[in-house]
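Residue numbers (my numbering), protein chains in the order written: chain A, -1 to 239; chain B, -1 to 239; chain C, -1 to 239; chain D, -1 to 239.
It is worth saying that the hints were derived from the structure and are not from the lab.
Where hints are given, some of them may not hold.
The list treats identical chains as one, so a pair stands whether inside a single copy or across any two.
Said to hold, decoys possible - In the PhoX-like style, the derived pairs of lysine-lysine whose C-alpha atoms are separated by at most 25 Å in a straight line are:
hint: 1; residue 1: Lys238; residue 2: Lys130
hint: 2; residue 1: Lys148; residue 2: Lys238
hint: 3; residue 1: Lys75; residue 2: Lys2
hint: 4; residue 1: Lys120; residue 2: Lys238
hint: 5; residue 1: Lys130; residue 2: Lys75
hint: 6; residue 1: Lys2; residue 2: Lys73
Note that the structure is predicted; figures quoted are calculated from it, not measured.
4 protein chains.
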Amino acid sequence: MPTKPLAIIAGAGTGTGLSIAHRFARAYNVIILSRSSASIDPVISAVEASGGAAYGIPTDVSSEASVTAAFSAIKAKYPGSPTAAAVFNAGSWNRAPFLETALEDWERVFGIQGRGAFLFSKATIPLLLASKHLEYPPTLIFTGATASVKASANFTVFAAGKWATRALSQGLAKEFGPQGVHVSHAIIDGVIDVPGTKEWAFDADAKISPDAIADAYWHLHTQPRTTFTWELDVRPYAEKW
Amino acid sequence: MPTKPLAIIAGAGTGTGLSIAHRFARAYNVIILSRSSASIDPVISAVEASGGAAYGIPTDVSSEASVTAAFSAIKAKYPGSPTAAAVFNAGSWNRAPFLETALEDWERVFGIQGRGAFLFSKATIPLLLASKHLEYPPTLIFTGATASVKASANFTVFAAGKWATRALSQGLAKEFGPQGVHVSHAIIDGVIDVPGTKEWAFDADAKISPDAIADAYWHLHTQPRTTFTWELDVRPYAEKW
Amino acid sequence: MPTKPLAIIAGAGTGTGLSIAHRFARAYNVIILSRSSASIDPVISAVEASGGAAYGIPTDVSSEASVTAAFSAIKAKYPGSPTAAAVFNAGSWNRAPFLETALEDWERVFGIQGRGAFLFSKATIPLLLASKHLEYPPTLIFTGATASVKASANFTVFAAGKWATRALSQGLAKEFGPQGVHVSHAIIDGVIDVPGTKEWAFDADAKISPDAIADAYWHLHTQPRTTFTWELDVRPYAEKW
Amino acid sequence: MPTKPLAIIAGAGTGTGLSIAHRFARAYNVIILSRSSASIDPVISAVEASGGAAYGIPTDVSSEASVTAAFSAIKAKYPGSPTAAAVFNAGSWNRAPFLETALEDWERVFGIQGRGAFLFSKATIPLLLASKHLEYPPTLIFTGATASVKASANFTVFAAGKWATRALSQGLAKEFGPQGVHVSHAIIDGVIDVPGTKEWAFDADAKISPDAIADAYWHLHTQPRTTFTWELDVRPYAEKW
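Okay, chain A solo, but in the shape it has when bound:
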């Protein structure tokens, strides 16, 4: 099926990225850009196990050369396929007293949340602009966090990166919405229910379901262009906020 549309997802793993890949693979060929094969392979397996198709490209989103190479590989693999959706789900993390934060921590966070988000946007927007003939408006979604709207003590550097990504998503929504591309930002406010948080002592359903995040992303993607959502938040019912 050479012209089946593509969904390009930066940032995979066992949580939100996997669920998003799963959900979008029901309609599209999924491309996974992630740092290592170790994080890509389980996503590919899971997608294929449910009858979808996924293709992984180890990519360092903070590197212009790596991003350029990845998009050349996509073009080579799926020549002529339009891109229906792109999701920037790549993550960074930093929690430390400010004076114990090194410049390299700052650079690492901004390599992903800043330069990485910028490079991914530059690479995907031209593809999305060329996909306005598809069933749903072409969509670019960014994954945010509590820190996207609130900078807390010891999370200053992490928050600075997340605020930068959110600003990027807002400016892009305003510039490319009128050109028919739907740009959204999701604030994930709470602990996500993934293998890595299994040991955290929470009530049964007090963690965010990555599948439900994926459903929200799919809802965003299917909104008609009369009715675009820029931003929504999600949190578990039990979350204090």
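Given chain A, put chains B, C and D in place with the hints provided.
Showing chains B, C and D alone in chain A's frame:
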């Protein structure tokens, strides 16, 4: 089907209210609370035409007595039916230079956006708290507007009312989320495509589709309690913001 | 000094209102509108003890008739005096689980934060518009709180009122700024150091100084019209936020 | 006066930086960190002309080595002098359609608003923490812009940088406020009245006065630690917002 769940919608008419009624009537018996039979009847007809059931009760949401009577009528009509969803879609409007705004304008706006939203919440939350056994978490949604987050010159009084409704929705989300009730607020940022705006010279699809708003409300309603959205915005792709 | 300008303050007592009266009395004749003589008298005494002049008028700001009478009394007392500044510092309070909040609680809060703020604005803006010849731009300041920007569980009704006041202040700033009237809003985020909070076990200086609030209000008042601040927040250094 | 406290200002020139230097030089020895002698010299001259003392150090705030060298030079020049205030006023600028923005534009903006603000904070906070014995609480102020709270089309990259700086200021305010350091952020919303904007056809006083910005910064600096402002906005009375 005596125990088919209810969806109670305050504020009907030919736009968003009608679309919401339509959408929720696919699963629930719909109750319409609106000021006059003239605004209720077209909604009932439309719902019934597509095979749903709707029941209208002329109600002044700004009056405690009228709201009390309405909920007694609901109970009498559908004894034992649980309430799956409630939508506060009642509207007010005021656009005027501030010094030309009379106290009665202020009172009219706050009768709906303030007291009306308060009374509707007081009446529906106990019903929603009793409905946690249904397929989807019980849901209370408030319809907001651009003015819910921005007070512009000449819209001061309207905005004051809308900010009050939004605060109400946020406080209720925080208090009743942990009790299993999903409270949401939707910022409708743009002109809605309804008969009353037909003459406005806009591009073909530069107005918000009320059906797409209804789809967003339904998506909110179906989110599992692990993953509640408090707020989302919607606007046409062409909207400047 | 018949034409000494006036500063009109709604909401007095032993805290912020008294400090504001004190501060503005260094330059202006101060008018105190407060519910009872019991709250007015200590302010008058304190102002006079430091050589200023203050005049109190028992006023229910939630009553149109009472507000009208108060401004007639001001005019009779100080005919021809321009109004340099007006401060809406009247307070309400409500903390309760939502379902235990009665309609009369809602009405009480909105009587002050809604109708009261509206009536005070309607009465003072024409006076301020006529005062553009004075040393500083005529100024209208509203006192806000943490709840002005965040609706927490059990503070829903209080927050709804505070959000309404904040919206009012923003709309008025946008409408009357271009006409030369400076409208501001101050978010007082923390416990104020007043007699009523003496027993609260806080560190020595972890409560907000009402005199420092008054200094901030005076700074706002003295800003030239090239450089108006709409909003600032204040909180004690030790406050968690 | 070897122990006269210091005020360290990053970003000088003929506008806000010069006015801030002027204002703070009434009480402190002022240090100017700016890219070139050409931007430093007029500030030094102006400060000295009014009887103050200023010392300039050509500095590239985006370079760790340059910032380290600058603070060594400060220490060598004023051994034992406490630092009373620090102002991050360094600017970047970018206005372009997103797809015409190169990675080097992104890097340039984030070199100043991101890494530069980070390095300046890391260098000044330890000095400020050691200055709690001075007359006013030690203060760190960041200069923001309209784009700090709103990402507009064609300003996406600029806004992303400004949002990052604002997040930094909020996180630092929360972390270091309880340690006695006052961190603030000022949103400068409008055109500043500087030589570079002389030709812009505005009404007489419809541009922001850099001296009034400096007065606001001085007010922030003199707030007692009971009553810290994190953020204020300033705009000309005539500004549409």
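State the violated hints by number, sorted upward, taking the hints as numbered earlier in the document.
none
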